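So the protein lines, in turn, are chains A and F.
Under the numbering used here, the first residue of the first sequence carries the number 1, and numbering increases by one thereafter.
Under the numbering used here, the first residue of the second sequence carries the number 1, and numbering increases by one thereafter.
If you're looking for bench data, these hints aren't it; they were derived computationally from the structure.
A hint or two may mislead.
What the hints assert, rightly or not - DSSO-like cross-link-like pairs, simulated, lysine-lysine; straight-line CA separation at most 30 angstroms: (1) A/K134 / A/K95; (2) A/K78 / A/K6; (3) A/K49 / F/K77; (4) F/K145 / A/K175; (5) F/K164 / F/K145; (6) F/K212 / F/K164; (7) A/K175 / F/K278; (8) A/K192 / F/K45; (9) F/K145 / F/K278; (10) A/K95 / A/K78; (11) F/K132 / A/K192; (12) F/K145 / F/K77; (13) F/K54 / A/K192; (14) F/K164 / F/K45; (15) F/K285 / F/K132; (16) F/K45 / F/K132; (17) A/K79 / A/K95; (18) F/K278 / F/K175; (19) F/K25 / F/K175; (20) F/K164 / F/K175; (21) A/K49 / F/K54; (22) A/K175 / A/K78; (23) A/K192 / A/K175; (24) F/K54 / F/K212; (25) F/K212 / A/K49; (26) A/K49 / F/K278; (27) F/K285 / F/K164.
Stated by the list, open to error - FRET-style restraints, in silico, Cβ to Cβ: (28) F/P211 / A/I172: 29 to 37 angstroms; (29) A/L23 / F/H72: 49 to 57 angstroms; (30) F/G146 / A/I172: 32 to 40 angstroms; (31) F/H72 / A/R167: 34 to 42 angstroms; (32) F/K285 / A/S67: 53 to 61 angstroms; (33) A/S67 / F/T206: 30 to 38 angstroms; (34) A/D137 / F/E213: 40 to 48 angstroms.
Just so we're clear, the structure is a prediction, and the values are computed from it rather than from any experiment.
For glycine and all other residues, C-beta sits at the position ideal for the given N, C-alpha and C.
In case you want the letters, here they are:
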Amino acid sequence: MTANAKTGLTLAIVCAAFSALALAFLADAGGTRWPRPAIPLVDTNFLDKATTRRSYADLVRAGEDLSDFDCYACHDKKKPPPLRLDTNGNIIVAKEHPDIVMGHGSHGRNNNCFNCHNETNLVLLQPRDGRELKFEDTPRLCGSCHGPTFRDWEAGAHGRTSGYWDRSLGAIERKQCVNCHNPHSPRFPSRKPAPGPHPLREIGATAGPQTGEE
Amino acid sequence: MDRRSFLRTSAVLTTGLAALAASLKPLLEMNDFPTMERFLQKYYKEMTPQDMDKVLRRIENEVEQQYGLRPHVRDLKPMNGVEFVYCLNLTRCIGCRKCVHACVAENNQSRDPEIQYIRVLRLPDGSLDTDKAEHFYAPDSVPEKGYFYMPVQCQQCKNPPCVKVCPVHATWQEKDGITVIDYDWCIGCRYCEAACPYWARRFNFTKPSIPKERLNPEMAYLGNRPRRQGVMEKCHFCLQRTRAGRYPACLEVCPAGARKFGNVLDPNSEVSYILRSKRVFIQLKEEMGTSPRFFYYFDV
Chain A
1 MTANAKTGLT LAIVCAAFSA LALAFLADAG GTRWPRPAIP LVDTNFLDKA
51 TTRRSYADLV RAGEDLSDFD CYACHDKKKP PPLRLDTNGN IIVAKEHPDI
101 VMGHGSHGRN NNCFNCHNET NLVLLQPRDG RELKFEDTPR LCGSCHGPTF
151 RDWEAGAHGR TSGYWDRSLG AIERKQCVNC HNPHSPRFPS RKPAPGPHPL
201 REIGATAGPQ TGEE
Chain F
1 MDRRSFLRTS AVLTTGLAAL AASLKPLLEM NDFPTMERFL QKYYKEMTPQ
51 DMDKVLRRIE NEVEQQYGLR PHVRDLKPMN GVEFVYCLNL TRCIGCRKCV
101 HACVAENNQS RDPEIQYIRV LRLPDGSLDT DKAEHFYAPD SVPEKGYFYM
151 PVQCQQCKNP PCVKVCPVHA TWQEKDGITV IDYDWCIGCR YCEAACPYWA
201 RRFNFTKPSI PKERLNPEMA YLGNRPRRQG VMEKCHFCLQ RTRAGRYPAC
251 LEVCPAGARK FGNVLDPNSE VSYILRSKRV FIQLKEEMGT SPRFFYYFDV
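Chain F on its own, in the form it takes in the complex:
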């Protein structure tokens, strides 16, 4: 090769490589790379109890390293003979948004940017048209006259579109009705976010920032353990609480008692009572055929 062609080739190659490196600059902003152990982790449904045990220890170590607090992480399985249903009384909801923040506190969501699984819509009386909804209402006192409030979160559909579109099966529905996400398997393509008609799914655009003093140490693998940048998350009916027999955090804090939760297969539960005795039920976007497990109702 003569000097001229050498100089030409190297000049072109160098500038080409420089342009390539510059275009990959956004990767420098990513600060949450998975460890090799997490990268090589098996799919949730293929893990043996011993594998799961190792994974739970790994998560406990990671959280302790990052937040200085050793959590208690469990892998809670669905209970037998249980199918969860949520009933929400729209006559009672006053739109105080305490459920939104109780959820954020219970489920270790990022605070900056703040991810909120529940979105409370303010609708004018007499219409269920969500185009008329106001998401950002901030009056001095609620409830406001002439409006009613409708909190929306993951509806845990019987026929979930998000499960259908996931290319890697990182999300699936378990037998107690909760649609769960394996945060270590999710690739962050956000197809599920596009498919969900209720905008229930949230994406971690940045590394979640959870203040140490507000970390909830009672965690579950498929539930509220801290997620990383680049994965989806959503309401999972507080499975770290509900699969242990307790009510979800949003229900416990609601001052008006608008939220009701329980096992619909049990005829003595309050949700069975409501579904039997109340008259007007609304399932959001019924025409999409998702068959949600969230029933809104009005009563006297």
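The following block holds chain A by itself, in its conformation from the complex:
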């Protein structure tokens, strides 16, 4: 082969190689993209800052209907309500109070109504030391047994404190015990979790694109 022909051949091969490369890039060979399911916008329930319950103090502040708390609409002022126990010694909640399910303390240790409610004056609460507390003042009742938690709550370390960490710039809003804990069944309720991270591929899927789509 002459030198000229050799050069010609080399250049022809180089041209062919570049053209192949160009075509490969343009046709996107080696770079697959498989479809991802669209990520739905998160349900606004998960962005809600409201507590699960509203306390008596909240209802008073909002000026709402308090007739549910008018005990003497049904009860007799002169007679304290009787406690009914079943054969195992557990409290039977009257059917007139359908939304009360007793579950306070492990093994039902604190399931006696008059551990917290004052039987001679039903609009008051009674901690063990004989004080009388109003329904707005529930943290002091809970704190009379749960001392360390009450102390933490007063310092802002237990429960929800929102608003301004810099008290000189604005007020805080501290939630009461009963805003999160149902006093008759105080265990913090479980709930459905919000969606987790969205990976590019479904967890457990094998490698490669779906059926021939690009």
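Following the hints, position chain F against chain A.
Relative to the frame of chain A, chain F by itself:
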């Protein structure tokens, strides 16, 4: 030049240039080029208040153009005598992930792909071994028996490895303890993402897609203003809220009150109370020497 050599040379050149153009095809997918004004912007620490003012107006205009809503963008400076610390009570966290989504909503993060600064790990009781952690748990109800939950986000380390490796100083730590990023200075090399032991840093692989109705118009330059494709972002302790004295979004939404935030230099703050009175504290990956400002603790 004779005809043969002309034809040869031009054939080679043309195919070479075609191959070059084809190999640059990925650039066609980039749809978020900076404007000349942004490209010529000064470094944050060298800007005068007048420069910053112009930049804030530019950002407001851009956001209004794109989302149809005029935001309020400020340049919030650190407060004096303040060092932020975050305490997280692992006995209380129920793993509901509301903090993750409150953060996404507050900080204008991309929704598709969804960037989440906070990652909640589910660990089996009795172990802090993150190899046993489950990131993608999705039961019907939390908390699950036998597990506890640990949310991880930027720990705002006292000795941050991400700041050390940034080649252009686009990220630095401010005097209130928050490690910030200047999104207009970041070149997107992702060294910081590699350096962070907590995987706190997120990269915008695509142009962030924020639905118009969920845009948060209260923005800060170093905080939650919308980022562009090709820059890093991370938790900045909601500085648009915390530097104005408010709690971060993740704390406000936590239903269990597991998160506590405040100024550790103030002896009356709840974080000072916690650090004084609680007994068991965990700092993640303490042995790396990053000295994080995030304290996990257990209590009764």
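Status of the hints after comparison with the structure:
no. : hint                                : result
1   : A/K134 / A/K95                      : holds, 25 angstroms
2   : A/K78 / A/K6                        : violated, 120 angstroms
3   : A/K49 / F/K77                       : holds, 28 angstroms
4   : F/K145 / A/K175                     : holds, 27 angstroms
5   : F/K164 / F/K145                     : violated, 41 angstroms
6   : F/K212 / F/K164                     : violated, 36 angstroms
7   : A/K175 / F/K278                     : holds, 21 angstroms
8   : A/K192 / F/K45                      : violated, 45 angstroms
9   : F/K145 / F/K278                     : holds, 24 angstroms
10  : A/K95 / A/K78                       : holds, 22 angstroms
11  : F/K132 / A/K192                     : holds, 22 angstroms
12  : F/K145 / F/K77                      : violated, 44 angstroms
13  : F/K54 / A/K192                      : violated, 46 angstroms
14  : F/K164 / F/K45                      : holds, 17 angstroms
15  : F/K285 / F/K132                     : holds, 15 angstroms
16  : F/K45 / F/K132                      : violated, 42 angstroms
17  : A/K79 / A/K95                       : holds, 19 angstroms
18  : F/K278 / F/K175                     : holds, 26 angstroms
19  : F/K25 / F/K175                      : violated, 44 angstroms
20  : F/K164 / F/K175                     : holds, 16 angstroms
21  : A/K49 / F/K54                       : violated, 36 angstroms
22  : A/K175 / A/K78                      : violated, 35 angstroms
23  : A/K192 / A/K175                     : holds, 22 angstroms
24  : F/K54 / F/K212                      : holds, 24 angstroms
25  : F/K212 / A/K49                      : holds, 22 angstroms
26  : A/K49 / F/K278                      : holds, 27 angstroms
27  : F/K285 / F/K164                     : holds, 18 angstroms
28  : F/P211 / A/I172: 29 to 37 angstroms : holds, 32 angstroms
29  : A/L23 / F/H72: 49 to 57 angstroms   : holds, 52 angstroms
30  : F/G146 / A/I172: 32 to 40 angstroms : holds, 35 angstroms
31  : F/H72 / A/R167: 34 to 42 angstroms  : violated, 24 angstroms
32  : F/K285 / A/S67: 53 to 61 angstroms  : holds, 57 angstroms
33  : A/S67 / F/T206: 30 to 38 angstroms  : violated, 57 angstroms
34  : A/D137 / F/E213: 40 to 48 angstroms : holds, 42 angstroms
Violated hints, listed in ascending order, are 2, 5, 6, 8, 12, 13, 16, 19, 21, 22, 31 and 33; each of the other numbered hints is respected by the structure.
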